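Q: Following the hints, put chains C and U in place on chain L, whose structure we already have.
Chains as they are written, first to last, in the numbering used here: chain L, 1 to 216; chain C, 1001 to 1303; chain U, 2001 to 2523.
Hints should not be assumed to be uniformly reliable.
To be verified - Example chain U residues on the side facing chain L (calculated, C-beta under 7 Å, incomplete): (1) Gly2132; (2) Glu2139; (3) Leu2143; (4) His2155; (5) Arg2156; (6) Leu2158; (7) Met2166; (8) Leu2177; (9) Phe2298; (10) Ser2391; (11) Pro2392; (12) Asp2409.
Don't read these hints as lab results, they were simulated from the structure.
Small disclaimer: the values here were computed from a predicted structure and weren't measured.
Cβ coordinates follow ideal geometry from the N, Cα and C atoms, glycine included.
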Amino acid sequence: MTAFAEIILVFVLLTNFTLLASARLSTCIRQVAAQGVVLGLLPLLVGPEGPGARLFLVAAVMLVVKGIVFPKLLFRSLRNANVVHESTPIVGHTASIVLGIGILIVSFWFTSRFPLPAGQQPVSTLVLPVALATLLSGFLLIVIRRLALMQVVGYLVLENDIFVFGVGLAHEEPLLIEMGILLDVFVAVLVMGIAMFHISRTFDHIDVDQLSQLRD
Amino acid sequence: MNFIPLILALGIAPFMVGLINRVKAIFGGRQGQPLLQPYYDIWKLLHKGAVYSRTTSWVFRAGPIVTLAGVLVATALMPLGSCPSLISFSGDLILFAYLLALGRFFTVAAALDTGSPFEGMGASREVFFSTLAEPALLLGLAAVAKKAIGTPLISLTEIHQHVTPELWAGSGLILVFVAIAFLLVYLAENSRIPVDDPNTHLELTMIHEVMVLDHSGPDFAFILYGAALKLWVLGALIVGMVVPNTGYMVIDLATSLVGMFVLAVLVGVIESVMGRLRLLRVSQLLVGATALSVLALVLEYRG
Amino acid sequence: MIIAGLILIPAVAGLSAIFWRSRGGRRALLVVAALVHATLTAACWAQPQEPVPQGWLGLDSLGLIFLTIVSVLFLAAAIYGVGYLRDEERKGHIADLEEGFLFTNVPEAMFIGCLLLFLSAMTLVTTCQHLGLLWVGVEATTLASAPLIYFHRHHRSLEATWKYIMICSVGIALALLGTFLLAVAARGVGDGEAGLVVGDLISHSSGMNTQWLKAAFLFFLVGYGTKMGLAPLHTWLPDAHSESPSLVSALLSGALLNCAFLGILRAHQLCVAAGEAEFSRGLLIVFGLMSMGLAAVFIVRQADFKRMLAYSSVEHMGILAIGVGLGGVGVFGSMLHAFNHSLTKAALFLVAGNILAAYRTKSIGEVSGVLRVLPVSGVLWIAGFLSITGSPPFGTFLSEFTILKAALDGGQYVVAVLYLVFLSLIFIGMANIVLRMAQGEPPVDHTASRPRESWWEIASPAVLIVLVLVLGLYIPPRLSDTLQSAAEQMGSGRPTETVAAQASAVSQSADPASKVTAASTRK
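Isolated chain L, as found in the complex (with noise of 0.2 Å):
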């Protein structure tokens, strides 16, 4: 059990720098549903006793919208803007990988000195580690990169990770929360691919980085 947690949450860690590696949008998009997919998994090895009914519920859930839903709206914009992959990042790639490789050695340094309260039962002692590193990850592709896609993209790793966070302390949320957070994410997601649409329309671009005419 604890193995096959083990390598979900390695495997989130890996994507974490494929995705800052990668230029190519497409690629990204995938790779964010595929971290999605596979975190799917892990309510389903949270609980001692296996996965209860609400468990499955929730995991079909997340399989369905981030693997399918998700990309599917994200194809959507990136056809509708034209774009197919993006010009340098403010942080060329190979300094985003090594930037990427300072987050890892930080978070588990970090979170070693953070002892978990007891009567916690983590599913894995590298739930909070991947799960500060995730974060840091999500908050650096927004923040370098300029095209508004990766931007969502980044959100939707941001969002991975507090959602690694949440199951993998064994947190039992009800449903209706978890429905509800879904529910959000997902209506942002489409509010978000609505104004990127209205981007490319308006300035032919989605570059955000040249969306600065308003200033003080």
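A: Positioned in the frame of chain L, the structure of chains C and U alone reads:
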């Protein structure tokens, strides 16, 4: 008994090169060179005369010799299977890495000595990629050493002796990452696709071949033999990580030899199915290898 | 029951407005829904509400205050909105004010529908007691208000909308992480699961792991603080508030920022209950002072009057944070200030909308003589300025003074000095701008074809300003009690009687005397 890895290396190393070439030929639908062709090439070159440019200095003549010497001593450090190496002491993996670096330095120096722009270009690329590959090598070794024994600074022989089936069962993930990282370093150091194309004849696309463009005769023989030895020695490193040792020397030797041949075939396959990456992507690939090594090390410290 | 109605009625109205064909019907629906919401809120004042089973939804005094603000503001905005939409429709294809290209608007059905959904989401935030549900509500407000900001479809508002969506969603994602951290902190206490209902968490607070609680509060502060507009997380605020239509800006500044503050307050409640009040108070004061300082810097040289109002919102959010961070009677002052600020800021934004419509420019340099062109709006503009900078006899004077008193009583002289310095800077900056706009001769070309001010445009801001004036002179005891119990919920740190005595003394001293006189009365 400690001579066995060294003797095997000295004898079989050029055969590995021939094997890789044969695999590539098969993929290309050709008959290909004879398997022992590298031996014939070295023999032929040793009997030829060398031509030295008037603009070169002693560095140019010393380059191939020092490189070969460095790789020879590194080969003496590398064990095979559970058979210990000729020279082994605590911390010899660092000496190993830096012997190879010494060889590389003199190759680069000899290349720069000619004053030709092509060789300078190749030299700068080679040094850049080696810089990126080195952390991957050392950190990966540290990870496996820590896992095996507990301290990072031990001898290669001990590391290899500790790669047992139990180790694989306990922390297979870490070994897989280290193995992949080492494979990438291997491809980079030996100038194989996807890092460098050994069969290209366009100087602008070369990295390693262009540095040795002006050597001839026995010098070139030394270079070829040194490259073959480097291929063997780094391959032995990977095989040592991957193939578990049971403790019986003969069996381990046999399995390691088989592993080396499998590695050669694997490299041949990789070279045939992949194209060479853009130079920009090569640096990302190598930094990715470093990331894998760091990941293995960090997972190891996590427990 | 009423709580469910408060949330569901605007939601249903919003969804039906999106599909309703008739224009007049939609606008009527907007006003009717606002009236119904206000009536239900009044009913909540009349009798306290039972929490919904499982305690997820419930109105404590804190929630009631914020709910009232939301309700009153929405009613004002709805009435203003009818006139606004009528004007927009009459214009047809509109030429952009600053750059002259043509643009269209978001379809009116979508606009009204999103407005009502926005109301529903804000109501959810104020009435819920479950922190997970709170998150869902806050994210829903972000999503519902994004199309509202993008009402005028051109590239500047698109840029503002994208920044808004991106920054707020990322910030709120951090708040979600904070929610989970809080769950970790609360676990393993007493009898297993404590859930995320505020009441349960408070009763279990003594056993909470303080390290994780502090980390959770930090995430809450940063996450919801982004939505609230605390510096340095406020970067979306000036753009979004200046590019959106005025009634949307009024709602965003007056109601939405408060709802985000509510999220932080819930976490603060837990910190106080667990004994970590010093930590959370310190952080609140730091962020509050940063917000005030930054706002002061950006107001002084501002060129766009809607951006000026937006930075003023940042400043007042800072004041709210400082008030809560000081503890004691400062918390009471903060709650009162939330009321006063929301009413004033909404009125100011609505008046700014009138000025914008008349002068067709947002630039301060080009606006002058408002008192002559739009007499009522001009008076309201000056009155609003006086109110927002804390001059007596308006209510904001009272609340800001209470917070100052809390600082001095607590011995936090540095905080008090910085507070006064920033307030003065902002007063000078805004006075420079507002008075110059209001007085003088109107420019000849812009205002020739302007009709008289319609009733729809001036009714709402006038009523709001009058309310603030009334609050400055007299605080109804019912309101005062509710404000007080809200303050106690957040651990004013003093025994109940003293707070009550102080509060009543503060409310009774509300005559237009100078600050010095009031101080001497207190001593």
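Q: If a hint holds in the structure, say so; if it doesn't, say that too.
A: Hint-by-hint comparison with the structure:
1. Gly2132: Nearest chain L Cβ about 4 Å off; hint holds.
2. Glu2139: Constraint on Glu2139 of chain U satisfied, holds at 4 Å.
3. Leu2143: 5 Å, holds
4. His2155: Holds, about 5 Å.
5. Arg2156: At about 6 Å, which falls below the 7 Å cut-off, the nearest Cβ of chain L leaves the hint on Arg2156 of chain U intact, so it holds.
6. Leu2158: 6 Å, holds
7. Met2166: 6 Å, holds
8. Leu2177: For Leu2177 of chain U, the interface hint holds, since the closest Cβ of chain L sits about 5 Å away, which is under 7 Å.
9. Phe2298: This interface hint holds because 6 Å falls under the 7 Å limit.
10. Ser2391: Check failed: Cβ of Ser2391 of chain U comes no nearer than 26 Å to chain L, outside 7 Å.
11. Pro2392: 31 Å, violated
12. Asp2409: With a minimum Cβ separation of about 36 Å from chain L (threshold 7 Å), the hint on Asp2409 of chain U is violated.
Violation of the numbered hints given earlier is confined to hints 10, 11, 12; the remaining hints are satisfied by the structure.
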